[in-house]
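*Asks:* Residue strings, one per chain:
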Amino acid sequence: MKQYETVIGLEVHVELSTKSKMFCSCSADYFGKEPNTHTCPVCLGLPGALPYINKEAIESCIKIGHALNCNIKTQSVFERKNYFYPDLAKGYQISQYRWPLCVSGKIEVVSADGTKKDIRINRAHQEEDTGKLSHRGRETLIDFNRSGVPLVEIVTEPDFTDTVQIRDYAKKLQAIMRSIGVSNADMERGDMRLEANVSIRGIGQKELPNYRVELKNINSFRFMVAAVEYEIQRQSKLLSKGERLHQETRGWNEDKKITYLQRSKEEAHDYRYFPEPDLPPIFISPEEIEKLKGGITELPAATLERFKKDYQLGEYEAEILTRDKKLADYFEQVILASENTGIGAKKVANEIINKKPDIEKVLPADFVNQIHSSQQVFAIGKAELETIVKQVLEENSKAVEDYKKGKESVKMFLVGQVIRMVGKKIDTNKVKEAIKKSIK
Amino acid sequence: MSDITSLTLVETLSALNSKEFSKKELNDAYLKRIGQIDPLLNSYLYVNRDSDKIPAAIKDIITVSGMQMTCGSKILDGYITPYNATVIEKLMTKDISFIGKTNMDEFAMGSSGENSAYGATKNPWDITKVPGGSSSGSAAAVAADLCTFALGTDTGGSIRQPASLCGVVGLKPSYGRVSRYGAQAMGSSLDQIGPITKTVSDARLVLEWISDGDLFDSNAEKTIFTSKKRLSDLKGLKIGVVQLNENKSDAGLDLSVLKTMEDAYKKLSELGAEIKEIVMPSFKYSIETYYSIMLSEVSSNLARFDGVRFGKSRSEFGLESKRRIILGTFALSSGYFDDYFVKASHIRSKIKKDFVKAFVEEKCDVIVGPVSPTVAWTIGEKVDNPLAMYLSDVYTVPASLAGIPGLSVPCGFSDGLPVGLQILGKYMDEETILNVGEVYELATKWHKRKPDL
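Going down the list, the protein sequences come from chains A and B.
Take the first sequence: its position 339, counting from 1, is numbered 339 in the UniProt record's numbering, and each next residue is one higher.
Take the second sequence: its position 283, counting from 1, is numbered 283 in the UniProt record's numbering, and each next residue is one higher.
These are calculated hints, taken from the structure and not from any lab test.
All C-beta atoms in this analysis are idealised placements derived from N, C-alpha and C, irrespective of residue type, glycine included.
The reader is advised that the hints may include incorrect statements.
Claimed, not checked - Here are the simulated DSS-like pairs of lysine-lysine, each with C-alpha atoms no more than 25 angstroms apart in a straight line:
1. B:K222 with A:K55
2. B:K322 with A:K81
3. A:K346 with A:K382
4. B:K343 with A:K81
5. A:K355 with A:K308
6. A:K19 with A:K55
7. A:K356 with A:K326
8. B:K312 with A:K132
9. B:K448 with B:K23
10. B:K19 with B:K74
11. B:K259 with B:K284
12. B:K353 with B:K284
Stated by the list, open to error - Examples of chain B residues lying across from chain A (beta carbon under 8 angstroms, computed):
13. N17
14. K19
15. Y181
16. G182
17. L215
18. E297
19. D306
Generate coordinates for the entire structure from the input sequences, incorporating the hints supplied.
*Replies:* Here is the structure:
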């Protein structure tokens, strides 16, 4: 019998794919680059350096806010989040706390029972990434290429009640980021990082539990779902034994498939937030905010519905094609190029899903030609076909014997041989018929 | 020429122009004098023997590419900065070279120069006295003719107070007048870079050179400061004098300093100004307000010196730095933030309002008063009493909190030690305070007196 219900909130960090970093002009494209080559006094936190705001990042954050149905603030403030860590060049992270850029949004997800639910977005705020540590034996190396790369943190209300919702939310968020072109949202590369706050309460209990377990540093959807499932079990067991649960941070051990304690409440940080004195408050006019709405074309969920309606695609095809905005665009370009060829939208969808063309290289028109020629059937003359069939049967007498003995599989072999000899795409049914006739 | 080093910046430029001496002779003269005099004063932490243009001294908290930058701290001992501050870039286009980095209180935290990890700077007027701080080396070097001019930084009085105690001119520009890029931050919402010079017209010239912001300091204005008109007298100007509290001892104002001030007000009046007493009710909270905000910002600004980079461990921080980091960390902590930082921010806006009232409603063109409640004190006298040291900032911090410009101009002596007159102006109106300062300076010639070294 189910005694408890789950209360989960998600915090997602999305790394923006802007040209330059959040507070300096270094390139933000750091992935796989020689360590400490994308750095300057600002992102190295050298004495005397000062931050200045990257407008492109703020615009991306506003676009994210729009996509998540947020209220975008015309006034917002950067604050300093103070803590010590070797990858944090300045000894504080420039973030937003009391006055975030985007607040009160929502996004619809699917639950385990198939029903739909709105997840409320508390905020989406702008901040900067830290450097990266790598440990080699007793040595630790710091790469500051990532230091100062723009991040947007998206925080939900504790509205999730099952892991299907979490998975759907993360997938949708990823699709949105790609669709509006603000981030690659690749989890393995760390473009998108999830943190879950998990707690449980007695069914019917109105107030939030007085603790929450933070699950951190988990770099795939699958692991996150597994960690949350594990936590729900672990917490339920403890609670039913009458034990008290505590505020703590836990990580995921993929080998053992368990969560483990990283930091208890006693070690929790006091971040000593205060307004960043080096940056003036941000003022954005309602017109500018509205203008950035125009920059957003169509969100994945809307594209999916449109594909189903306009192209009569099934949920499956439409979902695959709208996972990535580039792929969805490619699909529509191919449709456009295939006008008057008699190739239907469903055919195009299936060809794209099955053949997986390299959409960066294969031009839509060329892909149409490929589909076209694969469908094209050479109208071979009856006499010519019979001659070739005869020749094939003579050359493959053993196979013909097997066929006569009822070995069906050799039939396709013989068909293949005939087609090869013709050297063109011909109707296989005709070939089968011709073979059948000749053998009789 | 034996007295090249006694020339002002403006005089030096004109002498170079008329080829009275070469830049090499100029630098040789200064380097020679530094060699003779500075061992007494300890105003330089680093001397650049390759200086070959007009030699300026730079407070060792401002980055000059390829030179050391210690900020007066052991924690940065041996640190060479790889880039130029904006002010340095701007000066380089004006034929300035940098003859040395000057001594200072560690991370600009102190009012006496005694908090330097490299030994206290001495006052050129009496080497048993402090030169003030934190731009102690810059002020002492200008007073002792060891550079044509110097740059300092002022967070709560660190340009004006040592200028006053050393008998030279010090200008704290309006917050945002000069880019802070390249100056290690102390109180980021208060810090300004400004000139310490031999005369007011020198300060005016240097401000023209270093103003006009940049891409880096988001709080700096992209406008070049240019002087439009100079005055021959003060006719038609209204000068506000802050009414002192009934118990004057509150501010610890020396009677002899008060007497010097009253003479200065009299002089300003003779020069044509209308003197008006004004009331600034919020001033009595300014020390507490200033320290709450500054300490909070300090604790965050110094966090990067975590012992991971820059070579030295945190135990190398001096006592005052540690004190301020701990106090600031406390002030920002959850549960205290509202009581200290937030409350201080509210009072800060009240102080701004008091200034607006004086400048707009009372129509004052400038406000004058003392820079420091006392003249230079004996080295060691206040080191064990940090609170007494903090209180000596009482006259300089209100302008810092309001972000308005302030000028210190020599206005006499008390017991053979210089006294400075502080002239405060409207936000971004350095022009008027420089005009008033210049008229006063030309009429009194206090700046002509030199210490006997």
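*Asks:* So, for every hint listed, does it hold in this structure?
*Replies:* Now for the hints, and whether the structure bears them out:
1. B:K222 with A:K55: Answer holds: K222 of chain B to K55 of chain A is near 18 angstroms, not above 25 angstroms.
2. B:K322 with A:K81: Distance of about 20 angstroms is within 25 angstroms: holds.
3. A:K346 with A:K382: 33 angstroms, violated
4. B:K343 with A:K81: 20 angstroms, holds
5. A:K355 with A:K308: Holds - the C-alpha atoms of K308 of chain A and K355 of chain A are around 21 angstroms apart, at most 25 angstroms.
6. A:K19 with A:K55: 11 angstroms, holds
7. A:K356 with A:K326: With a Cα-Cα distance of about 13 angstroms, the restraint between K356 of chain A and K326 of chain A holds, given a limit of 25 angstroms.
8. B:K312 with A:K132: 22 angstroms, holds
9. B:K448 with B:K23: At roughly 24 angstroms apart (the allowed maximum being 25 angstroms), K23 of chain B and K448 of chain B satisfy the hint.
10. B:K19 with B:K74: 43 angstroms, violated
11. B:K259 with B:K284: 22 angstroms, holds
12. B:K353 with B:K284: The hint holds at about 14 angstroms.
13. N17: At about 33 angstroms, which exceeds the 8 angstroms cut-off, the nearest Cβ of chain A leaves the hint on N17 of chain B violated.
14. K19: 37 angstroms, violated
15. Y181: Given a least distance of 5 angstroms, the restraint on Y181 of chain B holds.
16. G182: With Cβ-Cβ at 4 angstroms, under 8 angstroms, it holds.
17. L215: Because about 6 angstroms separates L215 of chain B from the closest Cβ in chain A, which is inside the 8 angstroms limit, the hint holds.
18. E297: Since chain A brings a Cβ to about 6 angstroms from E297 of chain B, closer than 8 angstroms, the hint holds.
19. D306: Hint on D306 of chain B: holds, closest Cβ of chain A at ~6 angstroms, below 8 angstroms.
Hint violations for this structure: numbers 3, 10, 13 and 14, all remaining hints satisfied.
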